[in-house]
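*Asks:* Here is how the chains run, residue by residue.
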Amino acid sequence: LALVLIASGPAWAADDDDTTQTTSLKVMLDWYTNPSHAPLVIAQQRGFFERHGLDVELISPADPSVPPKLVAAGKIDMAISYQPQLHLQVDQGLPLVRVGTLIATPLNITLVRADSDIESMEDLAGKSIGYSVGGVEEVLLNTMLEHNGVAPEDVEMVNVNFALTPALIGEKVDAVTGAFRNFELAQMAQEGVKGRAFYIEEEGVPTYDELIFIANRDTLDANRDAYTRFMAAVEEATAWIINHPDEGWKAFKASDPALDTPVNKKAWYNTIPRFALRPAALDGHRYDAFESFLLERGQIKAKSPLSRLAVDLSQP
Amino acid sequence: MSVLKRLWPALLGILSILGLWQVLVVVTGVPGYVLPSPLSVMQAFASHQQLLWHHAGITVIEIVAGLLIGCISGLGTALALARFHGLRRTLLPILLISQAVPLFALAPILMLWLGYGMTAKIVMATLIIYFPVASTCYDGLRQTPQGWLDLAQTLGADRRRRLLRIQLPAALPALASGMRMAASAAPIGAVIGEWVGSSQGLGYLMLDANARMQVDLMFAALLILVTFGVALYFTTDAVMRRLMPWHEDRIGATS
Amino acid sequence: MSVLKRLWPALLGILSILGLWQVLVVVTGVPGYVLPSPLSVMQAFASHQQLLWHHAGITVIEIVAGLLIGCISGLGTALALARFHGLRRTLLPILLISQAVPLFALAPILMLWLGYGMTAKIVMATLIIYFPVASTCYDGLRQTPQGWLDLAQTLGADRRRRLLRIQLPAALPALASGMRMAASAAPIGAVIGEWVGSSQGLGYLMLDANARMQVDLMFAALLILVTFGVALYFTTDAVMRRLMPWHEDRIGATS
Amino acid sequence: MTSLGFSLSHARLAFSGQWLFDGLSATFAAGSWTGLLGRSGSGKSSLLRMIADLPIPDTHALTLTTSDQRPLAGRLAWMAQQDQLLPWRKVIDNVLLGPALRGRPTAAQRQRAMTLLDEVGLSDKAEQWPKTLSGGQRQRVALARTLFEDAPVVLMDEPFSAVDAITRLELHELAARLLAGRTVLLVTHDPLEALRLSDRILILSDQPASLSDFEVPGGQRPRALDAPDVQRMQSQLVARLHSAPHTNNEGST
Amino acid sequence: MTSLGFSLSHARLAFSGQWLFDGLSATFAAGSWTGLLGRSGSGKSSLLRMIADLPIPDTHALTLTTSDQRPLAGRLAWMAQQDQLLPWRKVIDNVLLGPALRGRPTAAQRQRAMTLLDEVGLSDKAEQWPKTLSGGQRQRVALARTLFEDAPVVLMDEPFSAVDAITRLELHELAARLLAGRTVLLVTHDPLEALRLSDRILILSDQPASLSDFEVPGGQRPRALDAPDVQRMQSQLVARLHSAPHTNNEGST
Ligand SMILES: Nc1ncnc2c1ncn2[C@@H]1O[C@H](COP(=O)(O)OP(=O)(O)OP(=O)(O)O)[C@@H](O)[C@H]1O
Ligand SMILES: Nc1ncnc2c1ncn2[C@@H]1O[C@H](COP(=O)(O)OP(=O)(O)OP(=O)(O)O)[C@@H](O)[C@H]1O
Ligand SMILES: [Mg+2]
Ligand SMILES: [Mg+2]
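Residue numbers (my numbering), protein chains in the order written: chain A, 1 to 316; chain B, 1 to 255; chain C, 1 to 255; chain D, 1 to 253; chain E, 1 to 253.
One or more hints might be untrue.
[As the list claims (entries may be wrong)] Capping the alpha-carbon separation at 30 Å, the derived lysine-lysine pairs in DSSO-like fashion look like this:
1) A:Lys-265 x A:Lys-194
2) E:Lys-131 x D:Lys-90
3) D:Lys-131 x D:Lys-90
4) A:Lys-266 x A:Lys-253
5) A:Lys-266 x A:Lys-194
6) A:Lys-250 x A:Lys-265
7) D:Lys-131 x E:Lys-90
8) A:Lys-250 x A:Lys-266
9) D:Lys-131 x E:Lys-131
Treat the hints as calculated values from the structure; they're not laboratory data.
The following block holds chain A by itself, in its conformation from the complex:
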């Protein structure tokens, strides 16, 4: 029975032609609400979604690998995911497509303690490195290591799940990868430990969009209009945040009292410059290049055409 539900697609698809009515959208975040999700929270709070005829429900998962599956299965309409993951998922045959960008630069860094003897990535040879989500992160790290002349076999990879910062400040690992530059650095500072970051795009990895919106390719055409309106609302919210950073922070923390922490505040300001100003716009070259990069590294079986990976909702 449950499977029938999965196959039947989003419930709202039926009354789609009635555009005057508000459309409900279920959007799953990649992880717990944090400043990276600011445009969504603000758009929700300030009624931008509503103004665009959308009734958006934001849901956070505990496991970032879940949202793409739910989108692919038609359980939710849209999810926030990561560009590198998208390439793998499309390669695996998941009917996913990027419909927008939330954060337009990589956030990924490899992080070590500033008081450690690791001055550059070359020094990672023989060290242990923690990571939280397997797969792409390993590929990216290996690329960075090789770029710095370190053989991937020379480091010990430890899956520390989501305890990146504690593992590092607790000195259970020498470095962590897959940390976010806007968040983990602030987190470390909060605990009084200075961190040193190695930026992924400076260490031989092609640049990419860290956070993207993905949707189900099979139902895309039916929902194109709603998604377009969604991106417009996000764009408005982003602009508003950039214009009113302090007011934005107040609004953000008011949305959930649990968000009001010093780390979040710091991360808030760190994140603002990284939001995509035109969420719907697509830099096709980026996707093409990253696809080639992954193929080269043997992570995907074949190169998918750009149209399978991403659409530009702003193009008619």
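Based on these hints, arrange chains B, C, D and E with the ligands on the given structure of chain A.
*Replies:* Quick look at chains B, C, D and E with the ligands alone, frame taken from chain A:
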């Protein structure tokens, strides 16, 4: 009240744990993101009260529903296994296998099927409780002294009545043991469910707080959860004792 | 061999589950990234054999070590509780509380203390097993028929010998029930430990495979885990039966 | 109720390869009382179990025919050597176990159970848990439970062994009255009891054991203890029991 | 071993507010055998439990003095009304339970246990599980266990109730031989048994109950059953038991 009296040693235990914990934190100087002091947990508790109670309410509903459904279906399975010889050959191994599967592995699938609402969490809590109850009850049902079974036979009992009027009451002490354990496992079930996908409940709050390194808030949520788990244990214990007025533990349980 | 004979229904159960599963997948057309078909899991199994066995070896060590330590310390606690009246008032609530704490909540902290090596996983498996064993054993130890205790008293047994020669054997059936359950829970403990942080083991492999969307590989690992869990259950069952030659289940367990 | 006789033949029983008895046969006339005597361990309880069709772990076989050719099951009451009271049922509910296991006891049945309890001298214990009873009281509850069944065939395994001499005589009267017309097989270790209550005495002896008849005094059951016949026959019966070799204690053959 | 006498006074016992007895006293001379008779439920087993200092759920008190003024604990063997065999110990190990509970049985003790088992007629069952025994066999194992203890004070609660008449006589001889010089308190429902084995007979009767003496035949224990004294006194004893009112069955006061 005897319930209060029964809860008293538990409270004492909690207090002594708290004391030990505070001493540990002070003495070892363990950083707050690893183990916050009970005082800072209390502070977090106080400053997030509303948030905590809101999430606690949801989790409690999940736990109680899971416990009830789990116990009833576990008992039902045990009875069915004891009643129908044929079932045993096929159902028992399946049961076993279902228990050996780490449920969290299946959680994403469950979520896909059941959505991320309360149902999925109740199902998780139910599943976690279900097997221990089914297993202990079934073990209990199998230990009926032969003499009573003989008696049932000569008195012309059918299998159903023999099961319900002889084997089941005879298994009650074993069953109580299983239920007590299930009661203390129920919170875990609900929390796992919440971890896998939800935006409400203590489990969500804990993961969320953990991810934000608000470890004190996480521990405050944990504290509620633990208190509730312990209360549930003693409630179950009291209920089971009420069900067995003829039975006495040889060594008082908590006295 | 009786062990083989006892395992046979379990194998049958596994096979029937596999069959059902394949049918389910074919009929409902559920996508492979949600639920791979058993056939594709078998393929993944075949093509990753070495990898799987390597990680399985590590997890098995963790599980067995956790099971042994958990059972022994659980039994020890139960004996201590039954032996020393004073302990009961304080230790029992602490025990309860420790059980009510969702271990996974503490898992990250445990990892921070114990590192990401095997120790932490063994500790997790141990903790998961410890409480159910302690609780059932203690429940069992309290149910000794009064007549035997009287006998022990008039025969001049000290508390220790009474415990070991009367209460303990009398509790063996209850104890067996607890151990069987613990055996099937042990794999879960080890896997949780691995999920929270590790670079080896089936749990690690599952997590990794899941992140890479190699759901078939993840299920292959799961299959090994489940098989091992079931085997462990039956082994424990056989061992406990061996320990109780005088005892017979009224209804054959798996026959 | 019409009386129901039965007979058994080819009864055989072995434990771990050693025959307790083989090829036993006996006929129990409708409405007759048979006393079954025999040394401890000679197989009396096992024989009763076999007649009641209760599980026995080892090799055993028995051909049983009833006077109306229909199976005995459901028309038989069995009182075991142990009282087998259910600890979770009050005394009165233990007496009512039969009806409770076949359906729901009626008020009339409850009334009858109360009367029976009164007759075995335990009316004031009706609402107590079995664990508060003395050994003899427990046995009397078990007796009441058996009498309640009102079955045409009644097997009783040392039903009066735990009560004092006076109560025992009273229970004899009670049983004789309530089980009049029933076919009763009574295992007992008390020769006097057997002589007082039986129409016929069977002695299980030898290894493998066989059944032998012992002549009983005439007259109406229960016979007076001071009847000269009874006194005389008691010595004869004891002598007869004495002459039967000890069935166990000699190892396997 | 020197004999050990003891006496009790101010023995009182009530269950749920109803006095079973109050202010009982009795003296048990060193080396004497006392038969304790009384109606079922009169409190015999409870009295034995009180002497053995075993737990009793309700109000009870007892003053016990021994002839050497030292406590009785550890110098007393108690044989309960139920056999209380441990199912996880083979028959021989059940006999050896005492030494096993106080330490580790020696080879000599094992030998003695074997001899005792032989004397109760169960040497061939030594290595069997208790569940394979008949009711009378179980009781004999319990007796062997009690005799093994070789305690100066022995309390036995209907120790021969489940064995046949012949075995019972043999066990009388055995007990009389092995327990010579011990102070024995024997609860029994068989007047003849009491007359055969006791130096003194106490009857527990009335409600609340009191103890009354009954004169016993002279001569050496165990007395022959056909001694004229014994036969005559049996009728007297039965008459005496008859005259004692039924202790229960009359509701609470
Ligand atoms: N735990 C208890 N709670 C309430 N009443 C009890 C309890 N134990 C015993 N009694 C009552 O005390 C009385 C005496 O019991 P006891 O076992 O001493 O009798 P007894 O003389 O040994 O009888 P019998 O010859 O039948 O063995 C009985 O009426 C019994 O119901
Ligand atoms: N399960 C068993 N396994 C092996 N031997 C058994 C089993 N049950 C009974 N026996 C043996 O069978 C014999 C007869 O047992 P049964 O209980 O029928 O004797 P009984 O005549 O009723 O004796 P009693 O008068 O002592 O009750 C005994 O020697 C006993 O040891
Ligand atoms: Mg018998
Ligand atoms: Mg008694």
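*Asks:* Does the structure break any of the earlier hints, and which numbers would those be?
*Replies:* none
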